[in-house]
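J.: FYI, the numbering for the sequence shown is 1 to 303, going by UniProt numbering.
Hints are not guaranteed to be accurate.
As the list claims (entries may be wrong) - Below are the SDA-like pairs computed for lysine to any residue, each with C-alpha atoms no more than 25 angstroms apart in a straight line: (1) K13 - I178; (2) K95 - A106; (3) K4 - E54; (4) K95 - F68; (5) K13 - E255.
Quick caveat, the hints were computed from the structure, so don't treat them as lab data.
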Amino acid sequence: GLLKDPGSDAWVKVLSSLDCKYSFEPQAIPCSITWRRNVPSTPSTPDGPTVKTEEEKEVLVLVEPEDFLKRLFSLTQPDLNQVLPLAGLEGSSTKTYSLAVVGLDAYRRYVPGERRCRGSSRWAEISVSAGGGTFGAELLTLSASALVVLQLWGNTEVLFLDTWQEFGQHVSALTKAIAKRPYKRQLESQELPFCTAGAWASGVRVEKDGTGLWQVWKRQIQQFNRVSPATAAAIAEAYPSPSLLLQAYEECGTEDEKRLLLSDIPVKSDVSGKDRRVGPDLSRRIYLFMVSTDPDLVLDLST
């Protein structure tokens, strides 16, 4: 069982290290682990939000090696209930079951003598030896059949573990995944943060009348290396849209004039109070970015 084995205290130590509450209670399926979550209920009461407990769909069932082998050898048809007895359990169809078998290899090596096991409608003598032998080959065949039944018919995962420490690590990983599920679900439901129409806390919303486009253009300029918000705002004020900047480039007579077009734009600084300008380096980088068709072009020569 979960606590009967002498080495089971190893997984309890792993469980104690998690930032969650746990308790040992009678379960509908013996030797199983379930998860519950406290969530605020709606609507809230005048005294504040009330908390209700909801049970998660995951159920982890620990199966003893001997019991697992008995169920394997009794498997004569694709019947999930022969491997995992779920018949009659209320709500079993809404649960996601997984099996954990701890120490199956060790049990197979040390089980004494010969074992009689039922296969189909006949009795078969299966010899047991340290190296596996006939028993090992028969076990592999039956294990493969059981895994097909559990995974395809019952959507049930089977995990073979050597130690209780590994079992504790699996319980820990599963607990963390269940705990993070609402957060991941919320992230998946949100719109992409880099879309200008997305409702992102740090993004810019663009209305149908074009309101917000200037802010988007300013933030695009700010994505260049070593560009402050004040510098980006100064360029965006001088050329309120990319199309206006491209039009200004077309009106320039020489390449040097195009590269230096933005260099003399004054930048207001609230920190130092000194007047400064955009400068030739940033002016050149923005020009190359706007007109170049080379995807491998390095804009920043200092990198």
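J.: Hint by hint, say whether it matches the structure.
T.: Quick rundown of the hints versus the structure:
1. K13 - I178: holds (20 angstroms)
2. K95 - A106: violated (31 angstroms)
3. K4 - E54: violated (29 angstroms)
4. K95 - F68: Given pair K95, F68 holds - Cα atoms ~21 angstroms apart, limit 25 angstroms.
5. K13 - E255: Distance ~70 angstroms between K13 and E255 Cα, so the pair is violated.
The structure does not agree with the numbered hints 2, 3, 5 stated previously, though it agrees with the rest.
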